[in-house]
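Residue numbers (our numbering), protein chains in the order written: chain A, 19 to 133; chain B, 216 to 330.
Misleading hints may appear alongside valid ones.
[Stated by the list, open to error] Simulated DEER-style distance windows between Cβ atoms:
#: 1; chain 1: B; residue 1: Ala216; chain 2: A; residue 2: Asn68; range: 14 to 22 Å
#: 2; chain 1: A; residue 1: Pro102; chain 2: B; residue 2: Ser241; range: 29 to 37 Å
#: 3; chain 1: A; residue 1: Ser84; chain 2: B; residue 2: Ala216; range: 21 to 29 Å
#: 4; chain 1: B; residue 1: Thr292; chain 2: A; residue 2: Thr121; range: 19 to 27 Å
#: 5; chain 1: A; residue 1: Glu80; chain 2: B; residue 2: Lys284; range: 36 to 44 Å
Quick caveat, the hints were computed from the structure, so don't treat them as lab data.
None of the values given here were measured: they were computed from a predicted structure.
Even glycine gets a Cβ: it sits at the ideal position worked out from N, Cα and C.
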Amino acid sequence: DAGVIQSPRHEVTEMGQEVTLRCKPISGHNSLFWYRQTMMRGLELLIYFNNNVPIDDSGMPEDRFSAKMPNASFSTLKIQPSEPRDSAVYFCASRKDRASGNTIYFGEGSWLTVV
Amino acid sequence: AQSVTQLGSHVSVSEGALVLLRCNYSSSVPPYLFWYVQYPNQGLQLLLKYTTGATLVKGINGFEAEFKKSETSFHLTKPSAHMSDAAEYFCAVSDRAQGAQKLVFGQGTRLTINP
Numbered sequence: 019d020a021g022v023i024q025s026p027r028h029e030v031t032e033m034g035q036e037v038t039l040r041c042k043p044i045s046g047h048n049s050l051f052w053y054r055q056t057m058m059r060g061l062e063l064l065i066y067f068n069n070n071v072p073i074d075d076s077g078m079p080e081d082r083f084s085a086k087m088p089n090a091s092f093s094t095l096k097i098q099p100s101e102p103r104d105s106a107v108y109f110c111a112s113r114k115d116r117a118s119g120n121t122i123y124f125g126e127g128s129w130l131t132v133v
Numbered sequence: 216a217q218s219v220t221q222l223g224s225h226v227s228v229s230e231g232a233l234v235l236l237r238c239n240y241s242s243s244v245p246p247y248l249f250w251y252v253q254y255p256n257q258g259l260q261l262l263l264k265y266t267t268g269a270t271l272v273k274g275i276n277g278f279e280a281e282f283k284k285s286e287t288s289f290h291l292t293k294p295s296a297h298m299s300d301a302a303e304y305f306c307a308v309s310d311r312a313q314g315a316q317k318l319v320f321g322q323g324t325r326l327t328i329n330p
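Whole structure, please, built from the sequences with the hints as guidance.
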């Protein structure tokens, strides 16, 4: 089975540009998570969805960040405008059902550099 | 709110030696506990998890962890380290009491294996 698929894998952009990261969760999974990983702050949960509905977006840093899940097989994380401090690895992850004990499966990550 | 503390951001052991990575959690009730491994330039992969039942949990690649409620710990061990074990390891907690569905990660421990 295909895992969580993220694109792009690597992106370098200039400050002020819009960045859109994409995620396709594992088929049949109905919880989706966006995490950000940096050296300074480690792994931070940005937002998660259940059945395409945002449940908790308290981790979204500021209004420049937005996330959508228009259907069960696709989600985007958008940064507009981007800033150098947004440079990080962004992981999408998915899980079957809402059960907290179920395993969360991670994608390979999108490596973002804002210059 | 639940939290995770990993003692030691870097651990170095010799090949063939015991691996011990420490994790302590804070939660109102016994939580779900996870260990993930991240190899360079890759996403996170589940090593093992504790949800209920036997407190000694066996995972992939010869790793195991023991849930100790009295110590609020979930330390990860492997009897004999292999060069391929070099990676970053993350302990994570999900609090079942609040019905919380998100996973909170520790800061990670980078494991180095010396030949």
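Against the structure, the hints:
1. Under the hint 14 to 22 Å, the C-beta atoms of B:Ala216 and A:Asn68, about 19 Å apart, fit the expected range.
2. Separation of A:Pro102 from B:Ser241 is about 34 Å and conforms to the stated range, judged on CB atoms against 29 to 37 Å.
3. Range check, A:Ser84 to B:Ala216: about 25 Å between beta-carbon atoms, so the 21 to 29 Å window is met.
4. In this structure the hint that B:Thr292 and A:Thr121 lie 19 to 27 Å apart at CB holds, the actual value being about 21 Å.
5. A C-beta distance of roughly 39 Å is found between A:Glu80 and B:Lys284, which places it inside the suggested range of 36 to 44 Å.
Consistency note: the structure conflicts with none of the earlier hints.
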